[in-house]
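My request is simple: use the sequences and hints to build the entire structure.
Top line first, the protein sequences correspond to chains A and B. So the first sequence is numbered by our numbering: it starts at 1 and just counts up by one. So the second sequence is numbered by our numbering: it starts at 1 and just counts up by one.
None of these hints come from the bench; they were simulated from the model. One or more of the hints may lead you astray.
[As the list claims (entries may be wrong)] Just so you have them, the derived chain B footprint on chain A, three or more residues with Cβ under 8 Å: (1) 38-46; (2) 95-101.
[To be verified] Computed footprint of chain A on chain B, listed as stretches where at least three residues anywhere in the stretch have a Cβ under 8 Å from a Cβ of chain A: (3) 1-10; (4) 17-26; (5) 55-62.
[As the list claims (entries may be wrong)] Computed list of chain A residues with no C-beta within reach of chain B, every gap over 12 Å: (6) 59; (7) 122; (8) 162; (9) 173; (10) 190.
Note that the Cβ used here is the ideal one computed from N, Cα and C, for glycine as well.
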Amino acid sequence: MREHARTDSQAASGERFRALAERELARLYGLARRLVGEEAEDVVQECLLRAYRSFPRLESEAAGRTWLTSILVNCCRDHWRARARRVEIVELEGVDEFSLFRKIADEDPFPYSDSVHLDFLHQFDADDVRAILASLPELYRVPLVLVHMAGYQVKEVAFELGVPLGTMLARLHRGRKLFERELWSYAERHELLKEGARP
Amino acid sequence: MITCADAVRQLWDYLDGVVEESERALVEEHLAFCRRCCGELEFAEELRAFLAAHVDDELPPDVRTRLTSTLDELGGAA
Numbered sequence: 001m002r003e004h005a006r007t008d009s010q011a012a013s014g015e016r017f018r019a020l021a022e023r024e025l026a027r028l029y030g031l032a033r034r035l036v037g038e039e040a041e042d043v044v045q046e047c048l049l050r051a052y053r054s055f056p057r058l059e060s061e062a063a064g065r066t067w068l069t070s071i072l073v074n075c076c077r078d079h080w081r082a083r084a085r086r087v088e089i090v091e092l093e094g095v096d097e098f099s100l101f102r103k104i105a106d107e108d109p110f111p112y113s114d115s116v117h118l119d120f121l122h123q124f125d126a127d128d129v130r131a132i133l134a135s136l137p138e139l140y141r142v143p144l145v146l147v148h149m150a151g152y153q154v155k156e157v158a159f160e161l162g163v164p165l166g167t168m169l170a171r172l173h174r175g176r177k178l179f180e181r182e183l184w185s186y187a188e189r190h191e192l193l194k195e196g197a198r199p
Numbered sequence: 001m002i003t004c005a006d007a008v009r010q011l012w013d014y015l016d017g018v019v020e021e022s023e024r025a026l027v028e029e030h031l032a033f034c035r036r037c038c039g040e041l042e043f044a045e046e047l048r049a050f051l052a053a054h055v056d057d058e059l060p061p062d063v064r065t066r067l068t069s070t071l072d073e074l075g076g077a078a
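The structure is reproduced here in structure tokens:
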């Protein structure tokens with residue numbers, strides 16, 4: 001009798017976990033693609049395994065979304081640690097002062113436009129943004145994605161990644177500036193800086 | 001009074017609300033008279049919205065199938 005009760009409880013817990021995981025699958029995968037690129041599926045698989053094991057310890061299922069995201073970020077961290085670190089070379093000189101706003105105003109790529117800055121941003125589709133993010137060093141890409149695409153607070157990211165808040169703020173600032181600079185470079189390389197480049 | 005370069009350096013942090021109160025006042029003082037930096041601020045807001053709008057939650061069918069299989073196996077282990 002007691003055995004049956006335990007089994008029913010486990011089955012109910014399993015069903016609740018599955019419902020939560022299925023709701024969040026697409027979001028977790030999208031986030032993982034921005035954090036680890038092509039290996040996103042492996043990371044999400046690992047996230048599901050870990051989450052399943054610790055689901056009984058989740059105190060409030062209302063916090064399930066944040067809880068799953070936190071597990072995913074931990075899986076990403078382990079992924080980065082386990083992988084032989086690539087040497088990521090990026091030119092940082094002048095990046096902290098780079099202003100995409102001024103670059104667009106100075107270069108004026110769409111002279112007939114009344115909203116040149118917005119027109120510039122409208123040249124990029126989801127694949128472009130993904131490619132640009134992937135080109136940023138992990139150190140700067142991760143805070144940028146977690147804060148501006150996953151809705152984390154900076155202090156939460158600092159806590160999750162075990163980094164002092166001041167360090168995380170500096171990385172986020174530099175990540176945003178690198179992103180701005182890379183938007184411009186990408187647009188130049190892909191000939192997006194002319195009227196009608198994209199329908 | 002801070003320079004435009006100083007203001008630009010702090011605009012994103014200003015938007016995030018993570019600058020000190022004294023620095024916030026200096027940025028606002030600068031914005032009160034510098035139209036160009038106001039444009040910078042508006043563009044920084046546009047960029048934030050741009051990033052948030054490119055959260056692509058598309059799950060390819062083959063990936064969904066494999067991840068759902070994982071959930072099936074976990075369910076079987078319950």
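Q. Going through the earlier hints one by one, which of them does the structure break, listed in rising order?
A. 4, 7, 9
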